[in-house]
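Given the coordinates of chain S, work out where chain E should sit on it, guided by the hints.
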Amino acid sequence: MVRWRDATKTFPDGTVALRAVTLDVPKGQFCVILGSSGAGKTTLLRTVNGLVTLNAGSVEVDGTTVTPRTLGEARQKVAMVHQSFGLVGRATVLENVLDGALSRISTFRAMLGLFPERHRRKACALMQDLGLDEGHLYRRASALSGGQQQRVAIARAFILDPAVVLADEPVASLDMTMSQTILGLLRDTSARRGTTVLCSLHQVDLAKQFADRIVAMRAGGVIADGAPGDVDDAALGRIYSQDESGGNGTVPLSSPLQ
Amino acid sequence: MSQAAQPQQSGAVPHRPAQQWVLRQPFGKREIAALLMVSVLLGASARHIQIPNLVLLTTEWVAAGLGLKKTSQIGKGLGRFASGAFPMVIAQATPVSRIEGFDRANLPLFAHIEERETRTSRYDTEQNRMVETVGREEFVVEPFGYLVYVFGKMLESLEMALWGTILALAAGLPLAYLGARGYAPHRIFYLFSRLLSSFMRAVPELVSSLVLVLAFGFGPMAGVVALGFHSAGFFGKFFADDVENADRASQEALLAVGANRLKVFRHAVLPQVLPQYIAYTQYILERNVRMATVIGIVGAGGIGIELKGRFDMFDFGHVSTIIFAIFLTVLLLERLTQGVRGRLIGV
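In order, the protein sequences belong to chains S and E.
To convert, note that position 130 of the first sequence is 129 in numbering that gives the first Met the number 0; the numbers rise steadily by one, no gaps.
To convert, note that position 68 of the second sequence is 67 in numbering that gives the first Met the number 0; the numbers rise steadily by one, no gaps.
For reference, chain S alone in the conformation it holds in the complex (with noise of 0.2 angstroms):
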């Protein structure tokens, strides 16, 4: 479903975050991209949504490359959750979770903020399964509590059944509770549709507890890469060691939550 070939990115300011990556990624799946801050886990993420465009190599989504010309195609396919939820604070919850289907109507109908009944009943089924309820659909969703807004920002990447979601760090500032409630909805929501899952996380421990699959990243490059029990806690452990100049030069001195 999303397939890098020799991604390489490297940023003007001469930072490498990505090194030749190579990685398949099938239908369906829900994979883990684990490393800590400054590995390319965000950057891989958003090499998908064309968020960034890569120097050499390719990525490519349901069998199309991404490039500039296909960019908006590959956008009608790839939904993404953001770290910071990056939900519009002062719109109404309801307006946020249609915001994810602005792809799919006129600017006209954009700019009335007129979103067709069946984007609507959409948006309340989902909202329903992600556990909110009638209550919150105009209240400001910055008058949510964090989980809650997490849970909108899911609501809002599956409207359009995209066919991938891309979560970059969804739970980093959410308690250990929290994460674990999100990270099984959006597990159950894509599990009940099919979609491919590509999430980033730094926390070993969720990811051993959701993954299908776990993809460890260090400085740019995949330093191990299986299911959940095939990646030994030595390479796990490695993601998180001092040793060799990591991308920022920056390496926690202990993975969080342990």
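Rather than coming from a laboratory, the hints here were simulated on the basis of the structure.
A hint or two may mislead.
Unchecked claim - If you anchor each label on the Cβ, the simulated ranges turn out as follows:
1. S:75 <-> E:184: 19 to 25 angstroms
2. S:21 <-> E:25: 55 to 61 angstroms
3. S:142 <-> E:165: 31 to 37 angstroms
4. S:183 <-> E:333: 50 to 56 angstroms
5. E:246 <-> S:132: 23 to 29 angstroms
6. E:338 <-> S:75: 40 to 46 angstroms
7. S:183 <-> E:181: 32 to 38 angstroms
8. E:334 <-> S:191: 52 to 58 angstroms
9. S:13 <-> E:343: 46 to 52 angstroms
10. S:116 <-> E:169: 29 to 35 angstroms
11. E:247 <-> S:9: 18 to 24 angstroms
12. S:231 <-> E:246: 40 to 46 angstroms
The structure presented is a predicted model; accordingly, all values stated were derived computationally and were not measured.
For glycine and all other residues, C-beta sits at the position ideal for the given N, C-alpha and C.
For chain E alone, coordinates are given in the frame of chain S:
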């Protein structure tokens, strides 16, 4: 802020024991020199603007108020206005002879007919002196006639301000979109929009209405255009600045779902900047009401022309009625817009 007050950048500083760390003074010779220079310039400017005279006149006025001095120039000037300003004129008397098709049986509401003594002076060329003729004439007296007239004119000023603001919003929003980095379709649009906004802001309403009266003729049209022109420049700049400062995360999120720039603007930027936009619009509307009263003086409609006419004829009683009307209108408008704003953004 002076450079010296900034904390020293780390990195270039060698490692030394704390006793040897170099500390900076909050200000030094450079700051003192700059302060002296500014003082000299201000001193020169003060002479130019007659600041010493201002202090002298004000002191004299205060001294007169305390009974230390008999008269003062300021006191005389203000007294002259105050003696004529009160009581305020609210009634209006019109000579019957000047009313076309006058119908004695059908007077306006609350009006009555009054016979008054009139004195007219004219220069007698034979006797080479002024002669005064005393006659009697009938007047229709409307007890609230002038007040009604003033508020009618004030309403015109208010409407001018409203339409000026509507015009400014219609021009300012596109200017802001084109003048915001990240939304301007091309750098040319950005530069053009920013330049146009600056130009529109730079022309004061009083100046543009002088020209616009020539183009549109006397009346509120010229005023509306003058107000709209200036305020559009204000909106163009401040709206655009807010767009540039809006939170990026939600814009990127909508861009990632495949929304085009216009959709991102409408759904991610507008909800964020709306409270500010409403505050600016409220300010501009109030400002336009005040300006609408002033630009009337050059014939651009509204109450200004009446104010100027009455002032030139030393009808201070009428002037105070007009000033009262302006004051009351601005005050009520502020209450009203504050209420509307609360409803719109839910504060």
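Hints and how they fare:
{"no.": "1", "hint": "S:75 <-> E:184: 19 to 25 angstroms", "result": "holds (23 angstroms)"}
{"no.": "2", "hint": "S:21 <-> E:25: 55 to 61 angstroms", "result": "holds (59 angstroms)"}
{"no.": "3", "hint": "S:142 <-> E:165: 31 to 37 angstroms", "result": "holds (33 angstroms)"}
{"no.": "4", "hint": "S:183 <-> E:333: 50 to 56 angstroms", "result": "holds (53 angstroms)"}
{"no.": "5", "hint": "E:246 <-> S:132: 23 to 29 angstroms", "result": "holds (27 angstroms)"}
{"no.": "6", "hint": "E:338 <-> S:75: 40 to 46 angstroms", "result": "holds (44 angstroms)"}
{"no.": "7", "hint": "S:183 <-> E:181: 32 to 38 angstroms", "result": "holds (37 angstroms)"}
{"no.": "8", "hint": "E:334 <-> S:191: 52 to 58 angstroms", "result": "holds (55 angstroms)"}
{"no.": "9", "hint": "S:13 <-> E:343: 46 to 52 angstroms", "result": "holds (48 angstroms)"}
{"no.": "10", "hint": "S:116 <-> E:169: 29 to 35 angstroms", "result": "holds (32 angstroms)"}
{"no.": "11", "hint": "E:247 <-> S:9: 18 to 24 angstroms", "result": "holds (22 angstroms)"}
{"no.": "12", "hint": "S:231 <-> E:246: 40 to 46 angstroms", "result": "holds (42 angstroms)"}
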